[in-house]
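What follows is each chain in one-letter form.
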Amino acid sequence: MKQMTYLEAGREGLAEMMREDPTVWALGEDLGRGGVFGQYHGLQQEFGKDRIADTPISESCILGSAVGAAMMGTRPVVEMRFADFALCAVDELVNQAAKARYMFGGQARVPMVVREPSGLWRSSAAQHSQSLEAWYAHIPGLVVVMPATPADNKSLLKQAIRCDDPVVYLEHKDLWALQGPVDDDAPDLPLGKARIARAGSQITLLSWSAMFHQAMQAAELLAAQGVSAEVIDLRSLWPWDKATVCESVGRTGHLLIVHEAVRVGGFGAEIAATVSEKLFGQLKSAPARLAAPRIPISYAPTMENEVRISAEQIAAAALKQIGKINA
Amino acid sequence: MTASNFDRTRYSRFYSQMLRIRAFEQAAIKAKEEGLVLGAIHPSIGQEAAAVGVCENLKPDDILLSTHRGHGHTLSKGASPEAMMRELLGKVGGNCGGKGGSMHIADFSVGMLGANGVVGANINIAVGAAHAIKLKGEDKLVVCIFGDGAINRGPFLEGLNWAKIFNLPVLFVCEDNAYSATTHTRDTTAGEGPVARAKALGLEAQSIDGNDVVAVDIATQDYIRRVKMHGPHLLHLKTYRLGGHTSTDAAGYRPTGEADEKWNHDPLVRCRTLLTEAGVAVAELDNLEADASREMAAIYATARDAPFPPAIEAYADVQDIGDPRTEAF
Numbered sequence: 001m002k003q004m005t006y007l008e009a010g011r012e013g014l015a016e017m018m019r020e021d022p023t024v025w026a027l028g029e030d031l032g033r034g035g036v037f038g039q040y041h042g043l044q045q046e047f048g049k050d051r052i053a054d055t056p057i058s059e060s061c062i063l064g065s066a067v068g069a070a071m072m073g074t075r076p077v078v079e080m081r082f083a084d085f086a087l088c089a090v091d092e093l094v095n096q097a098a099k100a101r102y103m104f105g106g107q108a109r110v111p112m113v114v115r116e117p118s119g120l121w122r123s124s125a126a127q128h129s130q131s132l133e134a135w136y137a138h139i140p141g142l143v144v145v146m147p148a149t150p151a152d153n154k155s156l157l158k159q160a161i162r163c164d165d166p167v168v169y170l171e172h173k174d175l176w177a178l179q180g181p182v183d184d185d186a187p188d189l190p191l192g193k194a195r196i197a198r199a200g201s202q203i204t205l206l207s208w209s210a211m212f213h214q215a216m217q218a219a220e221l222l223a224a225q226g227v228s229a230e231v232i233d234l235r236s237l238w239p240w241d242k243a244t245v246c247e248s249v250g251r252t253g254h255l256l257i258v259h260e261a262v263r264v265g266g267f268g269a270e271i272a273a274t275v276s277e278k279l280f281g282q283l284k285s286a287p288a289r290l291a292a293p294r295i296p297i298s299y300a301p302t303m304e305n306e307v308r309i310s311a312e313q314i315a316a317a318a319l320k321q322i323g324k325i326n327a
Numbered sequence: 001m002t003a004s005n006f007d008r009t010r011y012s013r014f015y016s017q018m019l020r021i022r023a024f025e026q027a028a029i030k031a032k033e034e035g036l037v038l039g040a041i042h043p044s045i046g047q048e049a050a051a052v053g054v055c056e057n058l059k060p061d062d063i064l065l066s067t068h069r070g071h072g073h074t075l076s077k078g079a080s081p082e083a084m085m086r087e088l089l090g091k092v093g094g095n096c097g098g099k100g101g102s103m104h105i106a107d108f109s110v111g112m113l114g115a116n117g118v119v120g121a122n123i124n125i126a127v128g129a130a131h132a133i134k135l136k137g138e139d140k141l142v143v144c145i146f147g148d149g150a151i152n153r154g155p156f157l158e159g160l161n162w163a164k165i166f167n168l169p170v171l172f173v174c175e176d177n178a179y180s181a182t183t184h185t186r187d188t189t190a191g192e193g194p195v196a197r198a199k200a201l202g203l204e205a206q207s208i209d210g211n212d213v214v215a216v217d218i219a220t221q222d223y224i225r226r227v228k229m230h231g232p233h234l235l236h237l238k239t240y241r242l243g244g245h246t247s248t249d250a251a252g253y254r255p256t257g258e259a260d261e262k263w264n265h266d267p268l269v270r271c272r273t274l275l276t277e278a279g280v281a282v283a284e285l286d287n288l289e290a291d292a293s294r295e296m297a298a299i300y301a302t303a304r305d306a307p308f309p310p311a312i313e314a315y316a317d318v319q320d321i322g323d324p325r326t327e328a329f
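Protein chains in written order, with my numbering: chain S, 1 to 327; chain W, 1 to 329.
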């Protein structure tokens, strides 16, 4: 099986969809030069300037024009450069893209993908580092996808493009260089299906995007201490795979949710509440959340690290939760 | 324009369409007063020449984007007034199945891609629709109608710039009724207005009397030809909102006598005068007026008597995946 990076996998997924479907096109700033991270490198040479369109720095028109183009039967892939910048186009996403099908009584379909490079990497501070996925999961009409691996970034992007409803597709900036196996012959994943990445029996660690990899490392640390942790990559926040999560927590009795976004009002709260409602009698501990404090993200590493969650923190929290230590 | 080259058939049709819009709005206002229209409506009384002069020049597959004050545009583009009235009343058979109401009226079957509850939001959507037309190599155009208030929103700059750099087939129409909700637009707008702003971005633009349906018709025909050859243009139609912002707004903020004076320029009266001067019989024009009143009275009655949609319809057309019900799972 071939190895490729998360970034290359996304690029290959888009290129394959553009070859397969002539109505697929991409628009955003600097795409002709590969995009700000190189996710579009070489695509304008293959597909031309009409289908890999360089746009002005006009976020509301990038997103809003895609709504019109999608309603007219094309499948635009919108590049927002940084998830933070997509906030310049909240009306276009929330009031227009997410609502058009419904408020026009089913006359409109809005098959568009909004790619939003998301999350922390290093010293990018408060306007280039945020994880805002919970906002989007709150909006009826949007699908919300957060791939964690190269294979998923290819497969889920293709499925997002095939989806007939608007998809907010949050790639993590700190994963661009992550290498991993990509199987060209594997069937594409359905949206909304979680993955049990590591089987375990004593606690369920649930995460998504970059934090999933910290959870996997935490499971290794826990194994070294004789604790068997199951790790789930949620992959999609809407729809989210309640069945897989509840089946796992039903077996382990403990759920620790880990996300990079602010804990208050984060998507972990929704999952914790749902699991509590559905599995109350089977739980051995209250579902717990490990997530960021409610502070903007800083530039200096000392302060920036206050919003980072490490594998060690996850392992410690898990041990505490299952009663192995009294920390 | 002399009587000899005045197209009586064409402008009789235009007059009839303007009468239908006026009668529709009057029926809607009546329905609102009777409590049948549940949400706000924004009547276009006084602005009928803009709607008809522009939209009568569109082919069925041309695309139209409209505003919260969009009944006239929608009717002119060919939507069924009965489906529109049912939508206003939230009834079965409404254009949007009762999910949108007045501010989200749309009829995709006639190329009407929606009114919009957010001022100026239709501009970006319109340029995207035109972008898709260009990508697909289709021979049609997009008309985007917005009000004078919209030129102070960001999408006006972003959308016009976008349309120009991508050379898209869009006709922007600024239907200037002088008021941004309840504030006079001149009090909130710097510079010379929509034409100057459009020209600054390299678009051809002109300002005309939007209450003169013949002038609007001629300018629209000219600009449609130019849009197809040279890309985006902007038409500024100066009109006047004879009523309030909504049907329940008494518009007491207007200077005394302003509206009374503007009724002297009612586009329906002006069109009727042109037709009579061109020799059309008064009885013929009276018949058109009676026809419009009869038509809208009938659709008002059938809409009133139609049922509300079943509650379960609230869960349809949200999205394909993900069960929206709270009890799901």
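Hints are computed from structural coordinates only; laboratory data are not their basis. Positions of the beta carbon are idealized from the N, C-alpha and C atoms, including for glycine. Any given hint could be a false lead.
To be verified - Straight line, CA to CA, 30 Å or less: simulated DSSO-like cross-link-like pairs of lysine-lysine:
#, chain 1, residue 1, chain 2, residue 2
1, W, K140, W, K164
2, S, K193, S, K278
3, W, K164, W, K136
4, W, K262, W, K30
5, S, K324, S, K284
6, W, K228, W, K262
7, W, K238, W, K228
8, W, K262, S, K49
9, W, K238, W, K164
10, W, K134, W, K59
11, S, K49, W, K30
12, W, K199, S, K49
13, W, K134, S, K49
14, S, K49, W, K136
15, S, K320, S, K278
16, W, K164, W, K134
17, W, K30, W, K164
18, S, K49, W, K238
What the hints assert, rightly or not - Here are some of the chain W residues that sit facing chain S, going by a computed Cβ distance under 8 Å:
#, residue
19, A40
20, H245
21, A316
Here's how the hints hold up against the structure:
no., hint, verdict
1, K140(W) x K164(W), "holds, 17 Å"
2, K193(S) x K278(S), "holds, 19 Å"
3, K164(W) x K136(W), "holds, 18 Å"
4, K262(W) x K30(W), "holds, 23 Å"
5, K324(S) x K284(S), "holds, 13 Å"
6, K228(W) x K262(W), "violated, 35 Å"
7, K238(W) x K228(W), "holds, 24 Å"
8, K262(W) x K49(S), "violated, 50 Å"
9, K238(W) x K164(W), "holds, 24 Å"
10, K134(W) x K59(W), "holds, 17 Å"
11, K49(S) x K30(W), "violated, 53 Å"
12, K199(W) x K49(S), "holds, 26 Å"
13, K134(W) x K49(S), "holds, 13 Å"
14, K49(S) x K136(W), "holds, 14 Å"
15, K320(S) x K278(S), "holds, 23 Å"
16, K164(W) x K134(W), "holds, 13 Å"
17, K30(W) x K164(W), "violated, 43 Å"
18, K49(S) x K238(W), "violated, 39 Å"
19, A40, "violated, 15 Å"
20, H245, "violated, 20 Å"
21, A316, "holds, 7 Å"
In this structure, the earlier hints numbered 6, 8, 11, 17, 18, 19, 20 are contradicted, and the remaining ones agree with it.
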